[in-house]
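Just so you know, we're using the working numbering here: the sequence shown kicks off at 1 and counts up by one.
It cannot be assumed that every hint is accurate.
DEER-style ranges, computed between Cβ atoms [to be verified]: (1) Ala-31 with Asp-73: 19 to 25 Å; (2) Gly-74 with Pro-35: 18 to 24 Å; (3) Asp-73 with Cys-34: 19 to 25 Å; (4) Ala-31 with Glu-52: 30 to 36 Å; (5) Ala-31 with His-53: 31 to 37 Å; (6) Asp-51 with Ala-31: 17 to 23 Å; (7) Ala-31 with Thr-72: 28 to 34 Å; (8) Gly-74 with Cys-38: 16 to 22 Å; (9) Pro-64 with Ala-33: 15 to 21 Å; (10) Leu-54 with Val-32: 20 to 26 Å; (11) Ser-80 with Asp-42: 18 to 24 Å; (12) Ala-33 with Ser-76: 31 to 37 Å.
It is worth saying that the hints were derived from the structure and are not from the lab.
Treat the numbers as computed from the prediction; the structure is a model and nothing was measured.
All residues carry an ideal CB built from backbone N, CA and C; glycine is no exception.
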Amino acid sequence: MARSNACCLALLLLCGAILLGMNPGTMVMSAVACPLVCLDVDYMTCPSTGDEHLSPQCNCCLAPKGCTLHLTDGTSVSCS
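Modelling step: build the complete structure from the supplied sequences, incorporating the hints.
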């Protein structure tokens, strides 16, 4: 009895994973590494705020996508 219950539970979990689009054979985990380097950022601009100078973030991992970090040496880093 316990064996048939375990088989039914495993089959139910497999069907649920397939229905949710999580095919166990093709699941690939992807992660983005964020460096612990804090750039010398003077200010930040983002498309949503136009030319408004926003408080700076340390690097692009912490800044919203599409924003630009303006460094104190006059260069800029675009966060994509």
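(request) Note whether the CB distance of Ala-31 and Asp-73 lies within 19 to 25 Å or breaks it. (result) 31 Å, violated
(request) May I ask you to test the hint 31 to 37 Å on the CB atoms belonging to Ala-33 and Ser-76? (result) Taking Cβ atoms as reference, Ala-33 and Ser-76 lie about 23 Å apart, which means the hint is violated.
(request) Given the range 31 to 37 Å, decide if the beta-carbon distance of Ala-31 to His-53 lies inside it. (result) 32 Å, holds
(request) Return holds or violated for the Cβ distance of Asp-73 and Cys-34 against the range 19 to 25 Å. (result) At roughly 22 Å between Cβ atoms, Cys-34 and Asp-73 fall inside 19 to 25 Å, so the hint holds.
(message) Within 30 to 36 Å: is that where the Cβ-Cβ distance between Ala-31 and Glu-52 falls?
(response) Hint holds: Cβ distance 32 Å, inside 30 to 36 Å.
(message) Within 28 to 34 Å: is that where the Cβ-Cβ distance between Ala-31 and Thr-72 falls?
(response) 31 Å, holds
(message) Verify the CB-CB distance for Asp-51 and Ala-31 against the hinted window 17 to 23 Å.
(response) The hint (17 to 23 Å, Cβ to Cβ) is violated, given that Asp-51 and Ala-31 are roughly 34 Å apart.
(request) Check the following: the C-beta atoms of Gly-74 and Pro-35 are separated by a distance inside 18 to 24 Å. (result) Holds, since Gly-74 and Pro-35 (Cβ atoms, about 22 Å apart) stay within the stated range.
(message) Assuming the hint says 20 to 26 Å, is it satisfied by the Cβ distance from Leu-54 to Val-32 or not?
(response) 22 Å, holds
(message) For the hint 16 to 22 Å, verify it against the beta carbon of Gly-74 and that of Cys-38.
(response) 18 Å, holds
(request) For the range 18 to 24 Å, tell me whether the beta carbons of Ser-80 and Asp-42 fit it or not. (result) Cβ of Ser-80 to Cβ of Asp-42: about 20 Å, so the range 18 to 24 Å holds.
(request) With 15 to 21 Å as the target window, see if Pro-64 and Ala-33 comply at their CB atoms. (result) At roughly 19 Å between Cβ atoms, Ala-33 and Pro-64 fall inside 15 to 21 Å, so the hint holds.
The earlier numbered hints that this structure contradicts are 1, 6, 12.
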